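J.: Keeping their order, the protein sequence lines are chains C and V.
Quick note: the first sequence uses numbering that gives the first Met the number 0, first residue 0, plus one each step.
Quick note: the second sequence uses numbering that gives the first Met the number 0, first residue 0, plus one each step.
To be clear, the hints were calculated from the coordinates, so they are not data collected in a lab.
Just so we're clear, the structure is a prediction, and the values are computed from it rather than from any experiment.
There could be a bad hint or two in this list.
[What the hints assert, rightly or not] Coverage of chain V stretches by chain C, computed from C-beta distances (three or more under 8 Å per stretch; other residues unrestricted): (1) 60-70; (2) 252-262; (3) 409-415.
Beta carbons are placed, not taken as given, at the ideal position from N, Cα and C, and that holds for glycine.
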Amino acid sequence: MKAVITVVGQDTVGILARVASVCADHSVNVEEVTQSILGGTFAMIMVVDVSKCTVAFDELQRLLTAAGTEKGVEVKMTRQELYDAMHRI
Amino acid sequence: MLNTTDILETIRMITDENLDVRTVTMGISLLDCVDEDPHKCCEKIYKKITTKAANLVAEAENISNTYGIPIVNKRISVTPIAMILAGCKNPDPVEFALTLDAAAKKVGVNFVGGFSALVQKGFSAGDIALINAIPEALAKTDIVCSSINIGSTKAGINMDAVAMMGKVVRKAAEITADRNCIGPAKLVVFCNAPEDNPFMAGAFHGPGEPDCEIHVGVSGPGAVRAALAKDSEGMSLDQVAELIKRTAFKITRMGQLVGNLMSERLGVPFGIVDLSLAPTPAIGDSVANVLEEMGLESCGCCGTTAALALLNDAVKKGGVMASNAVGGLSGAFIPVSEDAGMIAAAECGSLCIEKLEAMTAVCSVGIDMVVIPGDTPAEVISALIADEAAIGMVNSKTTAVRVIPAIGLEKGQQLDFGGLLGYGPIMDISKFSPAKFIARGGKIPAPMQALKN
Chain C
0 MKAVITVVGQ DTVGILARVA SVCADHSVNV EEVTQSILGG TFAMIMVVDV SKCTVAFDEL
60 QRLLTAAGTE KGVEVKMTRQ ELYDAMHRI
Chain V
0 MLNTTDILET IRMITDENLD VRTVTMGISL LDCVDEDPHK CCEKIYKKIT TKAANLVAEA
60 ENISNTYGIP IVNKRISVTP IAMILAGCKN PDPVEFALTL DAAAKKVGVN FVGGFSALVQ
120 KGFSAGDIAL INAIPEALAK TDIVCSSINI GSTKAGINMD AVAMMGKVVR KAAEITADRN
180 CIGPAKLVVF CNAPEDNPFM AGAFHGPGEP DCEIHVGVSG PGAVRAALAK DSEGMSLDQV
240 AELIKRTAFK ITRMGQLVGN LMSERLGVPF GIVDLSLAPT PAIGDSVANV LEEMGLESCG
300 CCGTTAALAL LNDAVKKGGV MASNAVGGLS GAFIPVSEDA GMIAAAECGS LCIEKLEAMT
360 AVCSVGIDMV VIPGDTPAEV ISALIADEAA IGMVNSKTTA VRVIPAIGLE KGQQLDFGGL
420 LGYGPIMDIS KFSPAKFIAR GGKIPAPMQA LKN
């Protein structure tokens, strides 16, 4: 099962490391990372495989959001199907 | 492979532009609950609703969290209660309304629709009792919605029912005057009512529908407006239409995804996606603002009907390819109190009821959530209903009237309903009397358009 983690906010040191460590701690494999600065805002997108995740989906969402709050950025995780539905024919 | 821009666009649409699934509505047939004993019948209704919809809210919330899609309302629509009353001995329709209210609250939904009757061609058993009970039923319940279909292209307009509904709307307002006249905000009078509509207050589960199904109503005027604000500068109107189509496609795909997931998880068939642009009182989430973004100074000025026709058509064309079953109302909604741009247009005097009436000829629904002066006579309300029904009947489309007489208030004041229902300034309505016309009763015969076979 694939999910997409998005991180949006002010760029600071260690955002990627912090989010990636939450993933690693719970057996979530990071498959793809892209990051860019859009209009002064830092935006990072990670495609992850959550099929072997050791905690429930909503718990992982909570942990990621908390990690984001710690770093002052907004972190969201959703299932990938939403983006496929909206942007693929 | 996923594209960064696409992902960020989706996130922006949801977080900044109020994109959401407005409602997941479960349609439940109550035909198998009919019992000669009305109390037993109510027990069966309570049991069926609380069984079928037991997991509706939990599953919707789970999908909302997992997929990051806000699902604003969870609702239930049921078989028109007048059809159920017909099978009972001396039923009290209000008892049925209270049963719906209790069952809906038990499962935690926001609204239940179906305190309804279909009387376009005449009254059958149960219809008149239900219509007469509407004011009391709406006053004694919190989340029950009522709708009456008084006309259709095939049947013409039942003017006896139209005359009754003017009085019912007034009475519903009078007996809820101490609660911002909330009664008639939960009552819609339809012509050509769709039987699979997920939107309130007009949702009911038509007799041709299956035992239980899931409908989805999408929203998204904010996303369309933002797309126009960002990219439409210098575009011709056909290019504007293309841009709206593309946005509507994305919005509808989200609705279809939610519908498929709900259907799968609840084990009930998927019904339809209603491709409507449903506004909310939130700033920017406004159909009026979409029209203004096209180049109108204020919604209601000359050009509004044309702009709305373009919008309505583009929304349908974009949405229809995104869904495998389209139904319900499907078009742009133009409620006044639920749309910040419409409220502003009504307040500044650029939008009047007559212009709204013209707009209803080219979009879905009709004179919706309009607050009228408290001293408006019942026959004027009936005549407004007749005008709207005539537009629907002749154009083979759905039209509706949901007006709220602001009892004790006058022009310049406003009614505040709160939540999604918003607030509305009192709008002027013609003071000249149609009383004799309405008193004639009878029927307006079906137009030539009815003879299609």
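J.: Hint by hint, note whether the structure agrees.
T.: These are the hints, each one checked on the structure:
Coverage of a stretch by a chain is defined here by at least three residues with a beta carbon nearer than 8 Å to that chain's beta carbons; for the stretch 60-70 of chain V and chain C the count is 5, and the condition holds. With a threshold of 8 Å between beta carbons, the proposed coverage of the stretch 252-262 of chain V by chain C holds, since 4 of its residues qualify and at least three are required. Counting residues of the stretch 409-415 of chain V whose CB lies closer than 8 Å to any CB of chain C gives 0, so the stated coverage by that chain is violated, three being the minimum.
Hint compliance for this structure: hint 3 is the single one not met.
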